[in-house]
Amino acid sequence: MKKIININFYSRVIPIEETAYEILQQYVDSLRRYFANEEGRDEIISDIENRFSELFDQKLKKGAACITDADVNAIIASMGRPEEFAGEPEQPRASASAGAAGSAAGASGAGGGQQQSYAPHAAEEPRRLFRAANDKVLGGVCAGLANYLKLDPVIVRILFVLITLTWGFGLLLYFVLWIVLPTKSLATSARKRLYRNPDDRVIAGVASGIAAYFHIEVWIPRLIFALPLIVGIFTSVFRNIWWHFFNWGGHIFFDGFGGSLVVAYIVLWIVIPEATTASEKLEMRGEKIDLESIKNTVKSDLETFKGRAKEMGTEMGESFKNMGQQMGTQIRQNVQTFSAEASGAARRHGTGIGHAIGVLFKAFFLCIAGLIAFGLIMGLVGLALSGGGLLDLKSYVLDGFWEDILAWASFILVLVIPVIALLTWLIRRITGMRSKRHYLGYVFATLWIIGLISFVILAGMVINNFRARAHSEEQFALVQPSTGNLVVKARQMVHRDYYDQEDWWFGNEWRRGWRRNDFFYTLNADSIQLNTVQIKVLRSDDSAYHVRILRGSLGGSSNSALDRARQISFPVTQTDSVLQLPAGFTINREQKFRNQQVIVVVYIPVGKKILLDNSVGRYDWFNVNVGRSHINWEDGRNDYSSEYDDEGFSLENNFYWNSGIQYIMTADGLKPVNGMGKYGERPERPENPERPERKEKKEAPEKSAQPEKSGKSGQPANGSYRYKAPAPKRDADTPVPKSSTMVVLPRPSVATPHKVVAAPHPSPFVLLSSMFI
Amino acid sequence: MNIENTQSQMRKGILEFCILSVIRRGEAYPSDIVEEMKAANLNILEGTLYPLLTRLKNAEMLTYRWVESNSGPPRKYFSLTPKGEEFYGELQATWNELTNAVQALTQKNGTF
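Chains A and B, in that order, give the protein sequences.
Numbers in my numbering are just positions in the first sequence, counted from 1, shifted up by 157.
Numbers in my numbering are just positions in the second sequence, counted from 1, shifted up by 238.
Per the computed footprint, the stretches of chain A lying under chain B, defined by three or more beta-carbons under 8 angstroms from a beta-carbon of chain B, are: (1) 193-203; (2) 208-220; (3) 229-238.
Per label pair, the in silico range of CB-to-CB distance: (4) B:LEU280 - A:LEU306: 42 to 48 angstroms; (5) B:MET248 - A:VAL420: 57 to 63 angstroms; (6) A:ASN194 - B:GLY251: 19 to 25 angstroms.
Calculated from the structure, these hints are not laboratory results.
The C-beta atom is built at its ideal place from N, Cα and C for all residues, glycine as well.
Using the sequences plus the hints, can you model the full thing?
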């Protein structure tokens, strides 16, 4: 059962089978091509068509219901196919092929000069090397060489590029040839040429063009291009994380090879032309070019196009369907006409420098898009891997049902949707499916925007919760230490190694780094321990030690902030001259994380000493700065003037200290008590700073004074915690000690039992943002 | 050497002459021309004829007129112009020359 269409053919309406019509069309087009340069071409064709119409009319009058394939073929047989025409067209273009059917005379799309067995000008002068005037990207050198060697110019170009890249003299050779060779308008002489296949492309059809040329399956060259790159990317990512597993040296192969294949792909993209016309597509496959094969190619093109048109049509209804089909055939007609007409002229508009530059731009943008996509995917993977841990933290930041929902919504919509969209696009491209409806893109975009909006709303809500500040303070009833030296110690944190079960997943050094980087210590079911504690050393106004404990928090309102501040439990005890601070404080899910902080202010009278133990190095201070400023500790001084430090304490009597060093308070400030014999010498201390006997040894023997080096000894590589206040530098060369003890060099800090990885302080903002997930 | 090529060359050579002689006898319509030539055992394809006729017309050897018919589209009827007559005359002279020459040559072979 075949579809019938009605055509208006020389003012008669002829019902004709659709397939018959196509045959007729192709015949007419082949005629057009054959007579492309003929002067009276249109007239000839119209005569022939007229004849067809007459014969159709006769058939219909004889009682046929419509014109069938057989009818059309019969008429064409009697009319004769172009290659059978005895009359020679005016130009000596398609040479003596009359009567010899099957050779490619009619298909002028292959460019002139098909070698015929009986070409009148077969006896040429010996072949000389020219530059091609009509087929050049730069100077036509490669095309000329190709013509001389009877190769595809594309192959010669590729060879040239390869030679240039590997040995370098290719460029010089090219320029020499460019200058030396004369130009001539050359015909291409290769039957089978390497093209890019535009019908079956993921990126640019390079792989499928190569597949068609070598008659292999399409996925083989695609795999060759893609595999080293993908494997290289993944192994390099994994190698950075788990390098003992992946450090097997194979990455050289994958990284280097993958990268060079990308470059090769881009080069091929530039150099290989696209097969646009039907005859070019046939050339791509190396098939014989004659009317039959062109017909088949065009037919298959038409089938795919019709298929798509059909899909469009069934959706949009009958009228549209007809219009689509007519448009389709019309467009096909036009394309074929154009290709026939363009065949005489320079064949490719796709060559030239402009094309090369265009390709480079396209490739560049593709790379950027690929990187973005890759980043998104990796981000998701990272979140997936670490999400379990962070999920718990979420409940500390988010308060309330709505925030939770918004958080999930924004996470899924903003991150997951682009990945889904990308995957869909990739799959569609690879399997060659066309999307029937384009609404999917809009749906994705809308969802993503909703996700973005909800993220913004969520951010606003959360920030609101961090807006107000409050702190409470109390005085600690300090017993004056009998020894005149106050030692400040912090308790060791007992780690619940909750990450142990993942120990095999991360390497050893990772675990150690993790431990150091953490801003919180333990995480059990309901609470986390923070160690956002700071110790400030001030000079006392009187002759007694004082200790103040300030606890602060943020919150949605001042009251809630104050409540939270008061809830911080930071019990400080004193045993003789040791002020024992807890390792940190706990907050639970009810209280939420609101950047709770504790400041311990120690006032030292002049002439008394203080030693801050290395254990206070565990404290990890950070501020969550929302809006204007952080917690306002002292009398509203947060104007960032240089007289006050970050917490509003006056810098006048607020001093910089290093842990593990005993200081004495002078009228000018803290000065280290103990010198050292030589630079680098360390006092004897037991390994474990926790052992009680250490208390005695802390008062290290006084040594003779040495000319001081700068008070800041650079970043101590181990152990001591440096108080990060902007402080005026203690000028190390102050000669005269004002008190009874001597002024000495600061000692480099004691080695602690743990080998500490000097981990960078985690930026609060990074942590904050990770809390949002 | 392909014999078919030579043969078709031979045919091609005399094609114009034959067509002109058919038209000379009277106004002719392309498919009629084909019929006549077939009857004379010279098979020619319509597709060969049309371009030839058009070329001749463009060279002003032929002229045509449209004849309406109720059974089919209007047809072109070709006829010879005076210039065409001249042309034909010369062609005929050439033809005679050729036949004489060929005859002379082939008779010597003893085959004819």
